[in-house]
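*Asks:* One-letter residues, chain by chain:
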Amino acid sequence: MSGRSKGLNGWLLSSPALILLLLAASGPLLIVAVYSVLEKGDYSGVRWILSGDGWFNVLFQRDIFDQTVSLADANLSIFWRSVKLSIATTLITFAFGLPTAWFIATRPPKSRALWLFLITIPFWTNLLIRTFAIMEVIRNQGILNTFLTWTGLISEPIQILYTDTAVLIGMVYVYLPLMVLPLYAAIDRFDFRLIEAGYDLYASRWQVLRGVILPIIRPGIVAGSILVFIPSLGAYVTPRVLGGGKNMMIGNFIELQFGQGQNWPLGAALSTVLLLVVLISLVVYTRVTSKDDPRG
Amino acid sequence: MTKQIAIDARNVGKIYGVGVHAVTALGDVSIAIEQGEFFTLLGPSGCGKTTLLRCIAGFETPTSGSIHLSGRDITYTPPNERPVNTVFQSYALFPHLSVADNIGFGLKMQGKPAKEVKAAVERVLALVKLEDFAKRLPQQLSGGQQQRVALARALAPQPEVLLLDEPLSALDLKLRKEMQSELKRLQTETGITFIFVTHDQEEALTMSDRIAVMSAGELLQVGTPHDIYDRPVNRFVADFIGETNFVEGTVEGSAVRIGTGDLLDVTLDGHSGGVTLAVRPEQVSLRADGSGIAAQIVAATYLGTDTHYTLELGDKSLLVARIQSNSAGGMRVGDAVGLHIDAGAVQVLSA
Ligand SMILES: Nc1ncnc2c1ncn2[C@@H]1O[C@H](COP(=O)(O)OP(=O)(O)OP(=O)(O)O)[C@@H](O)[C@H]1O
Ligand SMILES: [Mg+2]
Chain W
16 MSGRSKGLNG
26 WLLSSPALIL
36 LLLAASGPLL
46 IVAVYSVLEK
56 GDYSGVRWIL
66 SGDGWFNVLF
76 QRDIFDQTVS
86 LADANLSIFW
96 RSVKLSIATT
106 LITFAFGLPT
116 AWFIATRPPK
126 SRALWLFLIT
136 IPFWTNLLIR
146 TFAIMEVIRN
156 QGILNTFLTW
166 TGLISEPIQI
176 LYTDTAVLIG
186 MVYVYLPLMV
196 LPLYAAIDRF
206 DFRLIEAGYD
216 LYASRWQVLR
226 GVILPIIRPG
236 IVAGSILVFI
246 PSLGAYVTPR
256 VLGGGKNMMI
266 GNFIELQFGQ
276 GQNWPLGAAL
286 STVLLLVVLI
296 SLVVYTRVTS
306 KDDPRG
Chain D
13 MTKQIAIDAR
23 NVGKIYGVGV
33 HAVTALGDVS
43 IAIEQGEFFT
53 LLGPSGCGKT
63 TLLRCIAGFE
73 TPTSGSIHLS
83 GRDITYTPPN
93 ERPVNTVFQS
103 YALFPHLSVA
113 DNIGFGLKMQ
123 GKPAKEVKAA
133 VERVLALVKL
143 EDFAKRLPQQ
153 LSGGQQQRVA
163 LARALAPQPE
173 VLLLDEPLSA
183 LDLKLRKEMQ
193 SELKRLQTET
203 GITFIFVTHD
213 QEEALTMSDR
223 IAVMSAGELL
233 QVGTPHDIYD
243 RPVNRFVADF
253 IGETNFVEGT
263 VEGSAVRIGT
273 GDLLDVTLDG
283 HSGGVTLAVR
293 PEQVSLRADG
303 SGIAAQIVAA
313 TYLGTDTHYT
323 LELGDKSLLV
333 ARIQSNSAGG
343 MRVGDAVGLH
353 IDAGAVQVLS
363 A
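Which chain is which? The protein sequence lines are W and D, in order.
Our numbering puts the first residue of the first sequence at 16, with every later residue one more than the last.
Our numbering puts the first residue of the second sequence at 13, with every later residue one more than the last.
Honestly, the hints are just simulated from the structure, not real lab data.
Watch out, some of these pointers could steer you wrong.
Computed list of chain W residues with no C-beta within reach of chain D, every gap over 12 Å [to be verified]:
| hint | residue |
| --- | --- |
| 1 | Lys99 |
| 2 | Phe207 |
| 3 | Ile210 |
| 4 | Glu211 |
| 5 | Ala212 |
| 6 | Leu216 |
| 7 | Tyr217 |
| 8 | Arg220 |
| 9 | Val227 |
| 10 | Ile231 |
Taking CB as the label site, the calculated pair distances span [to be verified]:
| hint | chain 1 | residue 1 | chain 2 | residue 2 | range |
| --- | --- | --- | --- | --- | --- |
| 11 | W | Tyr300 | D | Gln16 | 23 to 31 Å |
| 12 | D | Asp184 | W | Ile102 | 34 to 42 Å |
| 13 | D | Ala34 | W | Asp203 | 25 to 33 Å |
| 14 | D | Gln122 | W | Thr161 | 53 to 61 Å |
| 15 | W | Ser305 | D | Lys130 | 21 to 29 Å |
| 16 | W | Phe111 | D | Glu134 | 42 to 50 Å |
| 17 | W | Tyr300 | D | Lys189 | 34 to 42 Å |
Every residue gets a Cβ at the ideal spot worked out from N, C-alpha and C, and that includes glycine.
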């Protein structure tokens, strides 16, 4: 009796949150899913007629003249670039983030707060502005090329802007703090005496890193990788500004369908694909990284 | 047959920091520890015990002097290349590895084949009686069990020397007593040289083959528990090991006249002039008939088997006597008694 009313109360109390969650999170997803199976409107929007064209166009294209079906190479290369750049961003932010987080976590407690504060300063400025700043650094007449020419290392400016490298540099810069912070939290909890225990038991520096440090700070590595990989995969501003028009990533491609391309069902299908890719990578990633965990 | 020397520290000094912040942790320590010995470093907090141990393990490099292991100079050898293992005070077990993997860690790092590691782990698990816990994680064990895993992990690679830095200090009294005998058994069974750090003098006396008493970065005395207890070289050692009464006196002929005017016929060992006598409470006996040095009982503490009597002598100085409770019959606070000192056992120190 009391248990039942308690359960009922619980539901009543949490109903505002549940309704909000349902509307704000599931609602848009549902709309996107529905749009992906409707027919494309003449100029924009959708016609309320069931159609598989949206999903078909994710991977295939039909020739307008002879109606032959072929793989949509352009789409595939955009997917591949997105995945490739996101994985590279995750790996590079990890390579830079680990020493950075280690450095901060080994400072005296007083100066740690200052270092963490410095790490978060870029968040104070708008993403667009930060991205334009990067552009200013890497463009042909920018700081980097001017400096390299001045030192005599190069005679011609290197074309970095509007390449995949530019996009990569921008994403690494933007997402590095998202890697550093969870890594720092994990290293902060790490018991440094375990390093001595490792050396004492005949482990080399490399073996201590691989066999002791990395497995113990793994939760931080997983969190940081997820925090970097997911927004990288859906990045919009960075590839738009630094990649120019041609080095599109999924985010730009989706925007194109809702804007100029005026193909809402394809845009909706692409968004759903992005969501699924993220979910599947999350599952695979957490599975793989927890494989040899005795806590299982 | 002379014993082989396992660890030979020669004039080891260690200074932390530079300039005004410099701290001398070890002054000039020379010590030769024999193979298969249970050797204890004993001393008050901050005297440099951990520092000496860390120099032997390789975590610190001495600022001066050298350290030799079985005749080989290892002063600058990194810790992972020394056949020396440490049982850390904090245990420092790897939280992500099972008990078995913790114990096998050292052998695995040495590149031993998996089969050999497995066999060694099983053997050591049996040695510390933890066979049923092989699959558990360290945090699923009690403090005493974690302690045993730490011990097993350090023993598994069969080091030449095992270093133990106050390994028992985190355990409660009962477990501590158990682990003391366990440690002693393991040392005898494995024949490995143990260098054990403690600031508990009782622990040092019961477990060690030899003890080194340290103070402020210097070795004061090295010897068997009997040597240290019965023949302390100075007041510090006598005070640190067991309870001691210090009685001032002056040498007169072959005896020492103390403050009360009484003469004590002690073994002088060449001392002359002003001396201090170290008198253990159990070397004092009391006579109800008043013969001997006149004294008055000012306090009595009943400790079960023994009773501690605080006595005031004629010159107002105080002396503690430990008397077996059942032979003390009838002596009360306020009673005047006669006091005898077993002069043959008294140690004479320079004043
Ligand atoms: N890393 C260090 N930097 C500066 N001084 C240190 C360092 N480690 C130890 N000391 C100093 O060296 C001296 C000896 O320290 P050590 O840890 O060897 O003492 P200990 O005998 O092990 O004491 P305890 O019984 O408290 O563990 C102390 O004065 C200590 O403050
Ligand atoms: Mg210490």
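*Asks:* Decide, hint by hint, whether the structure agrees.
*Replies:* Each hint, compared with the structure:
1. Lys99: 32 Å, holds
2. Phe207: About 10 Å separates Phe207(W) from the closest Cβ of chain D, which leaves it inside 12 Å; violated.
3. Ile210: Label violated. Min Cβ-Cβ 9 Å, cutoff 12 Å.
4. Glu211: It is violated; Glu211(W) is separated from chain D by about 6 Å at its closest Cβ, not greater than 12 Å.
5. Ala212: 4 Å, violated
6. Leu216: Check fails; 4 Å does not lie beyond 12 Å.
7. Tyr217: 4 Å, violated
8. Arg220: Answer for Arg220(W): violated, closest chain D Cβ roughly 9 Å.
9. Val227: 6 Å, violated
10. Ile231: 5 Å, violated
11. Tyr300(W) with Gln16(D): 23 to 31 Å: 55 Å, violated
12. Asp184(D) with Ile102(W): 34 to 42 Å: 53 Å, violated
13. Ala34(D) with Asp203(W): 25 to 33 Å: 31 Å, holds
14. Gln122(D) with Thr161(W): 53 to 61 Å: 54 Å, holds
15. Ser305(W) with Lys130(D): 21 to 29 Å: 24 Å, holds
16. Phe111(W) with Glu134(D): 42 to 50 Å: With Cβ atoms ~44 Å apart, the hint holds.
17. Tyr300(W) with Lys189(D): 34 to 42 Å: Between Tyr300(W) and Lys189(D), where Cβ atoms are some 50 Å apart, the hint is violated.
Checked against the numbered hints given earlier, the structure breaks hints 2, 3, 4, 5, 6, 7, 8, 9, 10, 11, 12 and 17 and satisfies all the rest.
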